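**Student:** Sequence:
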Amino acid sequence: MSDKFFLDTNILVYTFDDGDPGKRDRARALVAEALSQSHGIISYQVMQEFLNAALRKFAKPLTAADAERYLTVVLEPLCTVFAGVELYHQAIDIAERWKYSFYDSLIIASALGAGCTVLYSEDLQHGQKIGGLRILNPFVESPRN
13 MSDKFFLDTN
23 ILVYTFDDGD
33 PGKRDRARAL
43 VAEALSQSHG
53 IISYQVMQEF
63 LNAALRKFAK
73 PLTAADAERY
83 LTVVLEPLCT
93 VFAGVELYHQ
103 AIDIAERWKY
113 SFYDSLIIAS
123 ALGAGCTVLY
133 SEDLQHGQKI
143 GGLRILNPFV
153 ESPRN
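For the sequence shown, our numbering gives the first residue as 13, with consecutive numbering after it.
Rather than coming from a laboratory, the hints here were simulated on the basis of the structure. Watch out, some of these pointers could steer you wrong.
For lysine-lysine, the following DSBU-like pairs were computed, each having C-alpha atoms within a straight-line distance of at most 30 Å [stated by the list, open to error]:
id : residue 1 : residue 2
1  : Lys16     : Lys111
2  : Lys69     : Lys111
3  : Lys69     : Lys35
4  : Lys141    : Lys35
5  : Lys16     : Lys141
6  : Lys35     : Lys16
7  : Lys35     : Lys72
8  : Lys111    : Lys35
9  : Lys111    : Lys72
Nothing here was measured: the structure is a model prediction, and the numbers come from that model.
Can you make the complete structure from the sequences, with help from the hints?
**Tutor:** The structure is reproduced here in structure tokens:
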């Protein structure tokens, strides 16, 4: 795969979910591909949401040391989209046009701004196209179709 893809927070969270091995393994494969192929991207928002969940909401929260390690090894290399006024303008436009929440619209705006062709998310509308971006749920059959 040579196109850039964006990972929503829920994909990273599933990498730690031993309660659903199928989703965990698929999520881990996507993160591994993102890191090894350098085609996967996350935003500052995904980093923040993941760390909040990992430190406070996981069944077995990460220790500070484990969170720091994951930040350094996984999150930092993938994070290329940071907050900016233009991103907020684009998110407002997406929220208005496509009726997504503002925070979901920030994810979509981040993926579009990074030049991604695919946004992997369990929470957004599978198969929807917004500009040159296609939203795919990686946990349904044939996620790249």
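**Student:** Would you mind marking each hint as holding or not holding in the structure?
**Tutor:** Each hint tested on the structure:
no.: 1; hint: Lys16 to Lys111; result: holds, 25 Å
no.: 2; hint: Lys69 to Lys111; result: holds, 28 Å
no.: 3; hint: Lys69 to Lys35; result: holds, 18 Å
no.: 4; hint: Lys141 to Lys35; result: holds, 23 Å
no.: 5; hint: Lys16 to Lys141; result: holds, 15 Å
no.: 6; hint: Lys35 to Lys16; result: holds, 21 Å
no.: 7; hint: Lys35 to Lys72; result: holds, 18 Å
no.: 8; hint: Lys111 to Lys35; result: holds, 27 Å
no.: 9; hint: Lys111 to Lys72; result: violated, 35 Å
Checked against the numbered hints above, the structure violates only hint 9.
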